[in-house]
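Going down the list, the protein sequences come from chains A and B.
Numbering that gives the first Met the number 0 puts the first sequence at residues 0 to 241.
Numbering that gives the first Met the number 0 puts the second sequence at residues 0 to 101.
Simulated from the structure, these hints should not be mistaken for laboratory data.
Check each hint, because a few of them may be wrong.
No farther apart than 20 Å at their CA atoms in a straight line, the calculated lysine to aspartate or glutamate pairs in the EDC-like style are these [what the hints assert, rightly or not]:
{"hint": "1", "chain 1": "A", "residue 1": "K129", "chain 2": "B", "residue 2": "E80"}
{"hint": "2", "chain 1": "B", "residue 1": "K28", "chain 2": "A", "residue 2": "E185"}
{"hint": "3", "chain 1": "B", "residue 1": "K79", "chain 2": "A", "residue 2": "E185"}
{"hint": "4", "chain 1": "A", "residue 1": "K188", "chain 2": "B", "residue 2": "E80"}
{"hint": "5", "chain 1": "A", "residue 1": "K129", "chain 2": "A", "residue 2": "D106"}
{"hint": "6", "chain 1": "A", "residue 1": "K210", "chain 2": "A", "residue 2": "D106"}
{"hint": "7", "chain 1": "A", "residue 1": "K187", "chain 2": "B", "residue 2": "E80"}
{"hint": "8", "chain 1": "A", "residue 1": "K129", "chain 2": "A", "residue 2": "E50"}
Selected chain B positions facing chain A (in silico; Cβ < 10 Å) [said to hold, decoys possible]:
{"hint": "9", "residue": "T2"}
{"hint": "10", "residue": "P16"}
{"hint": "11", "residue": "R17"}
{"hint": "12", "residue": "A23"}
{"hint": "13", "residue": "P30"}
{"hint": "14", "residue": "L37"}
{"hint": "15", "residue": "P61"}
{"hint": "16", "residue": "W62"}
{"hint": "17", "residue": "A63"}
{"hint": "18", "residue": "I72"}
{"hint": "19", "residue": "S75"}
{"hint": "20", "residue": "F93"}
{"hint": "21", "residue": "L94"}
Built from N, CA and C at the ideal position, the CB exists for glycine as well.
As a plain string of letters, each chain reads:
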Amino acid sequence: MMINNSLSAQTGQISELRQGMMASLPIFIGYIPVAVTFGLLAKSTGVTLIEAFLFSALVFAGASQFMALQLIQFGVSPMQIVTVTFIMNFRHFLMSSYLSTIFPINDRSWLPLISFGVTDESFAYFSTQKQNRRSHFIMGLQYSAYVSWVGGTVIGYLFGAIIPRTLQASMGMALYALFIALLIPEAKKSLPATIIAIIGGLVHSLLTWFKFFSTGWNIIIAILVAAGIGALLMDEEKEECL
Amino acid sequence: MNTILLIVGMMSVTFLPRYLPFIAFSRLKPPRLIKRLLRFIPYAALGALILPGATMAVPGYPWAAIAGVVAAIVCSWFRKEIILTVLFSVAATFLVLYFSGY
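Let the sequences and hints guide you as you build the complete structure.
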């Protein structure tokens, strides 16, 4: 009986894992052109294949990896690059804080893996898709995206631009389309959600346009301002419809 | 060797902000005010992730990017399959790029 139970629990987890992997297809596709570009850029910067692989496998944060390549070329010190990386990726602190309120964190054993897999894209997915937030579904989604990111890096390093140029450029749109596809259904349901998203986008655009802060700070401040306005202005009642 | 150290450093400062909130909030409940703020993070973040980035997704070809954005909005308005929106948006961007002689 005990064995039966744990067996069925295991098949349940495997099917969740598989569902998560299926759900990650848009992210999987979206990561490929970016990862391939990272791989070939790493090669042209003089980074070895192993190092390029480790960048993607251990850091797993696109924008900061590109930034690191650029700073390496400029001869900036590793200490400074690490500091910039910290600021650039600190937005994930906000995202993880939110996710910790919706993920099943009672089961602590998977937390290191789940939190390592937090990216803009997986965050966007889980914060809007409410139907499946079980540990194995989460990891299925996060780690197929991971395979795409790391695999794409190696492919880009070894084979260069395998995707035709125009298609490669168009595929740069994929991740934005993903964010839009996740936002629109929420926006249709809730006016406050729409307003907050627009504020977030506008504040981020203004800060970026006027170069108020560095890239990392801009998005953190934009998110905090928009979420803060939401928290201040929306009363509890309206909040319920979010 | 220097690069490996750099990667390990970058990994640490990237992983910790991703990990610490889970540890903190699995032990203590966030205060009410913080919780209120957190509820709005998804929409605020999605907005900030889309703008201004989406309009500059194809450097030098803003119209191709805008076509992609419009296609994504229209498609996701009517269909809930995310993958469909992604493909539709990429296709729209591709067409504009193709006809602008990219």
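Right, here's what the structure says about each hint:
no. : hint               : result
1   : A/K129 with B/E80  : 15 Å, holds
2   : B/K28 with A/E185  : 26 Å, violated
3   : B/K79 with A/E185  : 11 Å, holds
4   : A/K188 with B/E80  : 17 Å, holds
5   : A/K129 with A/D106 : 19 Å, holds
6   : A/K210 with A/D106 : 42 Å, violated
7   : A/K187 with B/E80  : 15 Å, holds
8   : A/K129 with A/E50  : 37 Å, violated
9   : T2                 : 5 Å, holds
10  : P16                : 4 Å, holds
11  : R17                : 5 Å, holds
12  : A23                : 8 Å, holds
13  : P30                : 12 Å, violated
14  : L37                : 5 Å, holds
15  : P61                : 12 Å, violated
16  : W62                : 12 Å, violated
17  : A63                : 7 Å, holds
18  : I72                : 6 Å, holds
19  : S75                : 4 Å, holds
20  : F93                : 4 Å, holds
21  : L94                : 9 Å, holds
In summary, the structure is inconsistent with hints 2, 6, 8, 13, 15 and 16 from the numbered list given earlier, while agreeing with the others.
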